[in-house]
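Colleague: Put together the whole structure using the sequences plus the hints.
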Amino acid sequence: DSGVTQTPKHLITATGQRVTLRCSPRSGDLSVYWYQQSLDQGLQFLIQYYNGEERAKGNILERFSAQQFPDLHSELNLSSLELGDSALYFCASSVASGNYGYTFGSGTRLTVV
Amino acid sequence: AQSVSQHNHHVILSEAASLELGCNYSYGGTVNLFWYVQYPGQHLQLLLKYFSGDPLVKGIKGFEAEFIKSKFSFNLRKPSVQWSDTAEYFCAVNVGIRGSQGNLIFGKGTKLSVKP
Numbered sequence: 001d002s003g004v005t006q007t008p009k010h011l012i013t014a015t016g017q018r019v020t021l022r023c024s025p026r027s028g029d030l031s032v033y034w035y036q037q038s039l040d041q042g043l044q045f046l047i048q049y050y051n052g053e054e055r056a057k058g059n060i061l062e063r064f065s066a067q068q069f070p071d072l073h074s075e076l077n078l079s080s081l082e083l084g085d086s087a088l089y090f091c092a093s094s095v096a097s098g099n100y101g102y103t104f105g106s107g108t109r110l111t112v113v
Numbered sequence: 001a002q003s004v005s006q007h008n009h010h011v012i013l014s015e016a017a018s019l020e021l022g023c024n025y026s027y028g029g030t031v032n033l034f035w036y037v038q039y040p041g042q043h044l045q046l047l048l049k050y051f052s053g054d055p056l057v058k059g060i061k062g063f064e065a066e067f068i069k070s071k072f073s074f075n076l077r078k079p080s081v082q083w084s085d086t087a088e089y090f091c092a093v094n095v096g097i098r099g100s101q102g103n104l105i106f107g108k109g110t111k112l113s114v115k116p
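Listed in order, the protein sequences are those of chains A and B.
Per this note's numbering, the very first residue in the first sequence carries number 1; after that it's consecutive.
Per this note's numbering, the very first residue in the second sequence carries number 1; after that it's consecutive.
Coverage of chain A stretches by chain B, computed from C-beta distances (three or more under 8 Å per stretch; other residues unrestricted):
1) 47-59
2) 105-112
Straight-line alpha carbon distances no greater than 30 Å define the calculated DSS-like cross-link-like pairs of lysine-lysine that follow:
3) K108/B <-> K57/A
4) K61/B <-> K9/A
5) K57/A <-> K111/B
6) K111/B <-> K9/A
7) K57/A <-> K69/B
8) K49/B <-> K9/A
9) K49/B <-> K57/A
10) K108/B <-> K9/A
Source of the hints: derived by calculation from the structure; they are not laboratory data.
Virtual Cβ for every residue (Gly too), placed ideally from N, Cα, C.
Modeller: This is the structure we're talking about:
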């Protein structure tokens, strides 16, 4: 157990639907990062939050959004889902905004059918 | 844009063989470099990291990596692999001083299969 908790572990949904992925960072970590891992694209950075504020944005689609709540947990919302959104979605956390080494969660495997 | 290249998609070795996985990055400024490992069905774990100082970095489980600035490389090595090293290995780079930009750019990963 890395200390970063992601739920759910698996999610199967239909095209056009909307899902929410949840991440609780390791205790004491203020920064949360979301990554998408797919076979063809590898690990792609989506977005970073630090202490409730968006800090950096990567290759995140407009159909995707995220937020970090006062208790520091984060949610990634994926809407109008397409088959190509099927992937592993990882959350990672770190103490500060700069990177001193992440701690990753176990991921949520999303399958869009 | 910064990028990370891992040359080998899949490496197959016998136990006790030596390992070297290549990693090259494209960025001319200050970089922080990382190797992560992902065992089957598990989350990514940090193997080692380089920020500054001695370019030969030792990590967990007997792994080490050497930063060669002139070659933009950060190759991972292990003198003698074990079956338990079977996993996928990811090289990653973060630009700026002390990781000021935060997010990591990952290579596509190298799958290592170790035959008992």
